[in-house]
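Listed in order, the protein sequences are those of chains A and B. In terms of the numbering used here, the first sequence opens at residue 1 and continues consecutively. In terms of the numbering used here, the second sequence opens at residue 1 and continues consecutively.
In short, the hints are calculated from the structure, not lab data. Where a beta carbon is used, it is the ideal one built from N, C-alpha and C, also for glycine. Any given hint might turn out to be false.
Distance ranges between label pairs, derived from CB positions [claimed, not checked]:
no. : chain 1 : residue 1 : chain 2 : residue 2 : range
1   : A       : A219      : B       : I138      : 26 to 32 angstroms
2   : B       : T80       : A       : D146      : 31 to 37 angstroms
3   : A       : Y73       : B       : I138      : 30 to 36 angstroms
4   : A       : W51       : B       : R71       : 53 to 59 angstroms
5   : B       : A109      : A       : I81       : 25 to 31 angstroms
6   : B       : R71       : A       : A219      : 25 to 31 angstroms
7   : B       : A128      : A       : F66       : 52 to 58 angstroms
8   : B       : T80       : A       : A119      : 25 to 31 angstroms
9   : A       : F44       : B       : K106      : 41 to 47 angstroms
10  : A       : R130      : B       : A128      : 54 to 60 angstroms
11  : A       : P105      : B       : G76       : 24 to 30 angstroms
12  : B       : T125      : A       : R227      : 36 to 42 angstroms
13  : B       : K106      : A       : A119      : 56 to 62 angstroms
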Amino acid sequence: MTTESVPTGDPRRLLSDVRTLAHRVRLDQRLTWVALLVLAAVTFAGIPVDWFGMRVHCRPDGSCEFARRGVLYYWPAALLIAYATIAFFYVRAARARGLGARVLPYAITGAVTTVVFTAAWVAAALYFPRHPLPDQPLPYWGVVLDRLLAPWAMIGVALLVLARLERNVALLLFAAGYLALVLLVPPMNVAWGPPGWNLRAGFALPQIVNGVVLLLGAAGFALARRRHR
Amino acid sequence: MTAVTDTPDPDAQPANGKPAPDAHPVDDTPGPDAHPVDDAPDPDAHPVNGLDDVVHQRVRLGILTIAHEARQVEFGYLRTQLELTAGNLSKHLGVLEAAGLVEVEKGYAGRRPRTWITLTAPGRTALAQEIERLKLLITRVETTPAEK
């Protein structure tokens with residue numbers, strides 16, 4: 001042991017320096033607003049695809065059957081492209097600052113959640129045309145599970161992982177709030193909107209809300225970053 | 001992997017020209033195999049005994065911390081964050097590289113030369129052990145009753 005390092009190195013100060021430096025690096029690596037902006041753009045772009053890709057068959061008694069083919073065809077590719085884009089921008093921005101980026105686990109989570117959502121929707125698309133629809137509405141947990149397996153909730157799950165990677169408390173709170181909005185806030189019937197709205201509009205409304213929330217989140221994180229700098 | 005070739009600054013001063021409050025002369029550089037990566041700290045031994053000179057030094061601990069968080073860090077980023085001259089930083093990196101705790105890689109970004117520093121597996125272990133020992137040391141100091 002040399003005499004120069006230990007006696008002058010107050011352990012509290014050294015640990016404090018370590019934490020400060022680690023926090024500064026994490027702040028410099030973050031590009032949260034870009035992730036939210038890309039996901040908001042993908043959400044908004046998906047609305048017309050869902051609208052025009054939805055097959056709706058209404059009977060004279062007023063009941064309707066629908067199949068959201070647009071969601072099935074659009075979202076898997078859109079999510080994969082979105083996560084690849086986010087990873088690209090994270091790595092590029094970090095390297096420009098002289099840092100590496102820890103974004104691979106986020107991209108992998110995004111890919112896995114996309115595969116899970118796609119598998120669930122393909123299974124539903126194969127199952128329901130050949131089996132009678134249940135007479136009773138889905139129980140509460142069933143509705144929540146159904147929403148969790150939709151692309152909008154998968155975005156929230158991936159955001160939770162990103163918050164963990166970045167140790168970003170603000171993003172963690174945002175992702176939790178967003179997930180609560182997607183899973184719990186909408187009424188537990190088929191779609192949003194006042195009575196008489198058509199089915200397509202009822203499905204478009206929550207997507208608009210999700211997109212707006214992501215966009216506002218992107219603006220908020222961008223503003224916070226600007227202030228920080 | 002290449003060695004850092006920036007000219008060492010014998011005065012080892014921070015970039016602002018003022019001596020850092022606790023700027024230390026750099027230790028003698030150990031050989032490539034001279035840095036033993038210890039096992040987990042013995043809880044009965046006094047934590048000071050386990051402190052590693054190579055890692056415990058403030059600047060080098062900072063380099064290891066940043067490299068750990070960033071996965072890979074550029075020389076200029078380290079210099080800015082640690083407020084060091086190029087020469088001083090090079091000397092500290094030389095010590096860490098010789099101990100096998102970091103890898104130094106030179107390359108180009110366009111026409112601009114860039115030096116990237118990556119933490120090695122022994123570097124990760126050494127950093128974790130240093131932090132553990134610092135925590136132990138603080139705990140030991142706080143729980144030891146003062147002598148009358």
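Each hint, compared with the structure:
no.	hint	in the structure
1	A:A219 with B:I138: 26 to 32 angstroms	42 angstroms, violated
2	B:T80 with A:D146: 31 to 37 angstroms	50 angstroms, violated
3	A:Y73 with B:I138: 30 to 36 angstroms	58 angstroms, violated
4	A:W51 with B:R71: 53 to 59 angstroms	43 angstroms, violated
5	B:A109 with A:I81: 25 to 31 angstroms	27 angstroms, holds
6	B:R71 with A:A219: 25 to 31 angstroms	29 angstroms, holds
7	B:A128 with A:F66: 52 to 58 angstroms	55 angstroms, holds
8	B:T80 with A:A119: 25 to 31 angstroms	47 angstroms, violated
9	A:F44 with B:K106: 41 to 47 angstroms	45 angstroms, holds
10	A:R130 with B:A128: 54 to 60 angstroms	56 angstroms, holds
11	A:P105 with B:G76: 24 to 30 angstroms	27 angstroms, holds
12	B:T125 with A:R227: 36 to 42 angstroms	38 angstroms, holds
13	B:K106 with A:A119: 56 to 62 angstroms	46 angstroms, violated
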